[in-house]
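Protein chains: 4
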Amino acid sequence: MPYITRRKVRFQHCDPAAIVFYPRYFEMINSVVEDFFAEVVEVDFRAMHVERHVGVPTVSLETRFHAPSRLGDELEFNLVPTAVGSTSLTLSIHARCEDETRLSCRLTLVFVDMDSGRPIPWPDAMRQRLVTELS
Amino acid sequence: MPYITRRKVRFQHCDPAAIVFYPRYFEMINSVVEDFFAEVVEVDFRAMHVERHVGVPTVSLETRFHAPSRLGDELEFNLVPTAVGSTSLTLSIHARCEDETRLSCRLTLVFVDMDSGRPIPWPDAMRQRLVTELS
Amino acid sequence: MPYITRRKVRFQHCDPAAIVFYPRYFEMINSVVEDFFAEVVEVDFRAMHVERHVGVPTVSLETRFHAPSRLGDELEFNLVPTAVGSTSLTLSIHARCEDETRLSCRLTLVFVDMDSGRPIPWPDAMRQRLVTELS
Amino acid sequence: MPYITRRKVRFQHCDPAAIVFYPRYFEMINSVVEDFFAEVVEVDFRAMHVERHVGVPTVSLETRFHAPSRLGDELEFNLVPTAVGSTSLTLSIHARCEDETRLSCRLTLVFVDMDSGRPIPWPDAMRQRLVTELS
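Residue numbers (the working numbering), protein chains in the order written: chain A, 1131 to 1265; chain B, 1131 to 1265; chain C, 1131 to 1265; chain D, 1131 to 1265.
To be clear, the hints were calculated from the coordinates, so they are not data collected in a lab. It should be emphasised that the depicted structure is a prediction, and the values quoted were computed from it without experimental measurement. You may find that some hints are simply not true.
The list cannot tell twin chains apart, which means a pair is met if one copy fits it or any two copies do.
[Said to hold, decoys possible] Okay, derived cross-link-like pairs now, SDA-like style, lysine to any residue, Cα gap no bigger than 25 angstroms in a straight line:
#	residue 1	residue 2
1	LYS1138	THR1217
2	LYS1138	ARG1194
3	LYS1138	ASP1165
4	LYS1138	GLN1258
5	LYS1138	THR1262
6	LYS1138	GLU1204
7	LYS1138	PRO1251
8	LYS1138	VAL1214
9	LYS1138	HIS1224
10	LYS1138	ASP1229
11	LYS1138	ILE1250
12	LYS1138	GLY1215
13	LYS1138	VAL1261
14	LYS1138	ALA1213
15	LYS1138	VAL1210
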């Protein structure tokens, strides 16, 4: 079952054409990944970054922007894990507004020890939760 | 011959791990595309957006982040067109710091009439310049 | 009675010290003003910018940052109009986390015809609502 | 003598009215302060944040936006220290495009030990350089 959350297209997201400037979509996507970790994986970014000195940097992205989003649009983001590696995670993310798909994204991130900068294996509890969510 | 330009990693680009937050890379990439249009295609974004009501929205992106970039790094961006369609343009973009590749990106954008939101053919002068730059 | 809304401090807001980078506070403040117009003044930014070609650009700001905000903090924003001019509006905005004030801001914006760039008088309905909210 | 540097108004800075969205001005201002520290004070943000665990968070701001800036404008930023306290620094910053002043800002920042979060006195070498620049 996908993780679902909503974001409103705000003034700060829009370019001179009054549509979302694509780097702002990635701020939204990052916030969706942030909420997924907090709510589903049950380890939030504060716990990761500040307390444990670990992080989940993105290592690759494939994104298609199917149709523009406009100021005031309500976007529904839909996130589902598609692969869990020993140190990595691949997510499939879609955003739509009503019946129209706006973007689809495949994103791979890696679990990293921020002190060494090296990938480390997912802790069992996190891995368990990720595997449960696999589509 | 690729179009080359440099960007410094600033405080505003960095996350709590003191490395570039990836949505900020796309702001840099967009500014590199902006300079490529102004300097090589010889039609700048002001002329496009404000005077002619046309634009070049990004429709797809594939990006790999090979290694993190840190506060103060000087990045060299290297951009080369790899395909020119009737209304589209595919660019290959790399960034490196000294000998290390930091990101590689393939980006497709479309020439669009901003009033109708529809793709339109590249004007001859723009198309000519783009074709000349093809790798 | 102040208008109250909440914002979570996200990864995208934080700098290498893991505290809010102050330009991101202004993105939050703008989004609070945006919600105030949508919910209290009952004219949202889409209606203003896209349909009516009017806007409310900020012309002056005084801000004090009393204490830093950290990744994961829940901020409560509190907004109250303190003066309504014929074409202007002054807002007092505070943000706090639990019992600690994080920022206080006095912001003046102007109602502007975006085609001419000139200030124009508040329409009666908007003015009425603003005056009702005056502290 | 003021410290002078230039910034181009880019697509990423502009809002649906094709003028600079004011939080983006503060990203520019922060980058101007960053260059002033690197070039005039001769301690860059990487040295401060990464090596010495010190920083210069902004504690107060007064800003007036005199006229809008548009996509493609070349802004000249002009920065001059107006007061150096034992742990603080007040800067006067102006931006103009040709003969038109776009913004004026008075900004106070504090030299802080990032580990304790407490203000600490300017090291002599930094203080010396700041005092020399006082208007």
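Worksheet item: Hint by hint, which ones does this structure get wrong, listed from lowest number up?
Response: Of the numbered hints, 1, 4, 5, 7, 8, 11, 12, 13 and 14 do not hold.
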